[in-house]
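Chains as they are written, first to last, in the numbering used here: chain A, 4 to 274; chain B, 1355 to 1715; chain C, 7 to 84.
Keep in mind that the hints were calculated from the coordinates and are not lab data. From the three backbone atoms N, C-alpha and C, an ideal C-beta is built for every residue, glycine too. Among the hints, a few may not be true.
Just the calculated beta-carbon pair ranges, DEER-fashion [unchecked claim]:
#1 B:G1404 to A:E211: 41 to 51 Å
#2 A:T27 to B:E1604: 35 to 45 Å
#3 C:S53 to A:G197: 21 to 31 Å
Keeping only pairs whose Cα atoms sit at most 20 Å apart, straight-line, the calculated SDA-like set for lysine to any residue is [stated by the list, open to error]:
#4 A:K22 to A:Y73
#5 A:K100 to B:G1635
#6 A:K100 to B:P1383
#7 B:K1567 to A:G57
#8 B:K1567 to A:S230
#9 A:K22 to C:K9
#10 A:K14 to C:N18
#11 C:K79 to A:V9
#12 A:K100 to B:E1549
#13 C:K9 to A:L18
#14 A:K201 to C:K9
#15 B:K1563 to A:L18
#16 B:K1563 to A:K241
#17 A:K100 to B:Q1552
#18 A:K21 to C:K79
#19 A:K100 to B:R1622
#20 C:K45 to A:C34
#21 A:K21 to A:K241
#22 A:K22 to C:R77
#23 A:K21 to A:D11
#24 A:K241 to C:K79
Taking beta-carbon pairs under 10 Å as the criterion, some of the chain A residues facing chain C (in silico) [to be verified]:
#25 A6
#26 D11
#27 D28
#28 M70
#29 Y73
#30 G154
#31 S158
#32 N198
#33 A214
#34 K215
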Amino acid sequence: MTAIRVEDIIKPENLVYKKSSVLTDVPMHYCYGCSHGVVHKIIAEVIEEMGIQGEVVGIAPVGCSVMAYYYLDIDWMQAAHGRAPAVATGYKRVNPKKYVFAYQGDGDLAAIGTAETMHAVNRGENIVMIFINNAIYGMTGGQMAPTTMVGQVTSTSPYGRDIDLNGYPLKITELIAQLPGAAYVTRQSVHTPGNVRKTKKAIRKAFENSAKNIGTSFIEVVSTCNSGWKIDPVASNKWMEENMFPFYPLGDLKDSTRDDANTYMVQKLKK
Amino acid sequence: MGDIRLMKGNEVIAEAAIRCGCDAYFGYPITPQSEVMETLMARAPWEETGMVVLQAESEVASINMVFGGASAGKKVMTSSSSPGISLMAEGISYIAGAELPALIVNVQRGGPGLGTIQPSQADYFQATKGGGHGDYHLLVLAPNSVQEMNDFVDLGFELAFKYLNPVMILTDGVIGQMMEKVELSDFKPRLTDDEVEQRSGHWAATGKKSTRKQHIITSLEMISERQEKFNQKLQAKYARMREEEVRYEEISCDDAEYIIVAYGVSSRISQKAVVLLREKGIKAGLFRPITLFPFPNKRINELAGHAKGFLSVEMSAGQMVEDVLLSVNGQTKVEHFGRMGGMIATPIEVVTALESKLIGG
Amino acid sequence: MAKARGAVVVENEVCKGCNLCVVACPQDVLSLHKEVNSKGYHYSHMSNPEACTGCTNCAAVCPDSCITVYRLKSTVVA
């Protein structure tokens, strides 16, 4: 028996996974272990696999992912804070055949941009909305977000989020699921290989939906912000599982390809 | 002769948009300009030309929809009135910072705050000096007739695409609401996607082709040296506008000793005042800036050489008068006369103001 | 039964040493190197290469897309 050397395995014919060609070579500015990088990667993979690099535009938010355009080699717009769904609407309405996705964080989508979020979905814009919920404002230095957990320490809730002072964490995805314009609403995570694969499936489905004109596809990714949380990436995953998943449970909230009532309603409204 | 109609200024904005091949209008209702979107919705241009008309959830959303549509290289516009334009200030700054072409119509009403729904010209500073944050300018057109409401839509888009800069039609509740004879423009077809690619394909987000680098529509630059360079580029663009785009009208200015400077509806009132003053033997003239940015500084400076005084007539506490003062640059007297809060000056009031402020006694 | 054989290549300079791939690897193939890259990160590497099955789990969770995975198509070794 001859031992197989590593050099014998590392050959083009044995390649099973490489970085997507839709990702650029610019090193990501994100902190080590940041969920953004994983989500960027799977969006890139979906775009590559669907062969739509020339047919897709992204809308970057204000927040950590403001410079997402450096990492995905597609055309981008960078919206004002919270306004990505409105920018996406404007773009999609004049270019209905393009795939349009808005990529937003919790402060962007669920605080300053709540109105734009709700109304874009309520109109049933045929866009993909990707919502990174890491329960904190990362870019500005770890302040309290609309989705910050009760008792969670942030730089603007240094004694923990107090509901008397700050109100409750916002389950905006549950609100979104109530809107007839939403075709597909799901909550996923990217902290394990299995979850990454599920999220990728969800993102693929969302992009496919937008070509079917059945309404908005909305994907929340419960994410970590180890710098903001001030724990390491592995511990962040554990903290997320223990503290966020019970409040933000993973899974589909709505899938109008299965939900006849809503599909009917969307189509009736469209008529 | 073209298509002659009797129409409201606001209705004409809508009609002109359809006829000039506009791709989309995004708006939110506000008095005194709601007829723009109402007319568009009634005309249903999506059936005729494919133009999109969408009522947004707010002015904040509508201006950002304009950002999105403009990013695609399309001809997109919005309209509002003063409080709504304040809400758009952020988006307008982003559009200027991302160098996007867009047309914004402000049918001014009185402020501050909710103010009044009656006409005003108190948004001059906001329109010409920036309005939102950062060093930027809009190219500002000031129509004084329903005919110019028609003409400036097409012109506005032309300039927006020439400079890749937002253009504002700064009008007021009088011009927006009044009915007048108008010769409508001929229909121009909307550009096809191929034509959009030809015109704007070098910068627009039209989908990344394998033959080119990605296009990123952004106003963000983290490196200060580059941001300063970008600011300098913007300033060079504004300097070019100052050289090439100044527009104005002079009425009886050649021999005038006293020159009234007025735009929009105030220029119509002032034109009558000039007639009344001339009847009284006072050599008065009217200078009407048509572009408020770029402001016709040079021409006013020339006129100041042989005039005894200037009166800036505006429906505001005195905003454009500051530009007149800068233009005249101390050569002669400059005064302001204005009514506020939705009150409209009469020609007699303008005559009296000119006599008392410039001639004396 | 033949066990799948794989190998990974970590782009050392792009790796930020977040350790997520190390934890995700079901075969304990990876660990953070005691050396650091030019940015000062302890990059991930195969410290136990024989155990790698090329399952791609490490690459799936990698935020910086710095892992390439190879797997022998068929194992001829008995």
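| Given the hint that K45 of chain C pairs with C34 of chain A, does the C-alpha gap stay at or below 20 Å? | Answer holds: K45 of chain C to C34 of chain A is near 13 Å, not above 20 Å.
| Between K100 of chain A and P1383 of chain B, does the CA-CA distance stay at or below 20 Å? | violated, 29 Å
| Is K21 of chain A within 20 Å of K79 of chain C, Cα to Cα? | Holds, at roughly 16 Å.
| field | Distance restraint between K100 of chain A and E1549 of chain B, which requires alpha-carbon spacing of 20 Å or less | value | Holds, because 17 Å separates the two Cα atoms, which is no more than 20 Å.
| request: Report holds or violated for the interface hint on A214 of chain A, using the least CB-CB distance to chain C and a cut-off of 10 Å. | output: With a closest approach of 26 Å, the A214 of chain A hint is violated.
| request: Sort out whether K241 of chain A lies within 20 Å of K1563 of chain B, counting only the CA atoms. | output: violated, 42 Å
| request: With a cut-off of 20 Å on the C-alpha distance, tell me whether K100 of chain A and Q1552 of chain B pass. | output: The hint holds at about 19 Å.
| said: Given a cut of 10 Å on the nearest C-beta pair, is the interface hint for G154 of chain A held or broken against chain C? | reply: Hint on G154 of chain A: violated, closest Cβ of chain C at ~26 Å, above 10 Å.
| message | Check whether the Cα positions of K21 of chain A and D11 of chain A lie no farther apart than 20 Å. | response | Given that 20 Å is the threshold and the Cα spacing comes to 17 Å, the pair holds.
| Is K100 of chain A within 20 Å of R1622 of chain B, Cα to Cα? | violated, 47 Å
| 20 Å Cα cutoff - pair K1563 of chain B, L18 of chain A | violated, 27 Å
| query | When the nearest CB of chain C is found for D28 of chain A, is that gap smaller than 10 Å? | reply | This hint holds: D28 of chain A lies near chain C, its Cβ roughly 9 Å from the closest one there, short of 10 Å.
Figure legend: structure checked against the earlier numbered hints; hints not met, in rising order: 1, 2, 5, 6, 8, 9, 14, 15, 16, 19, 21, 24, 28, 29, 30, 31, 33 and 34.
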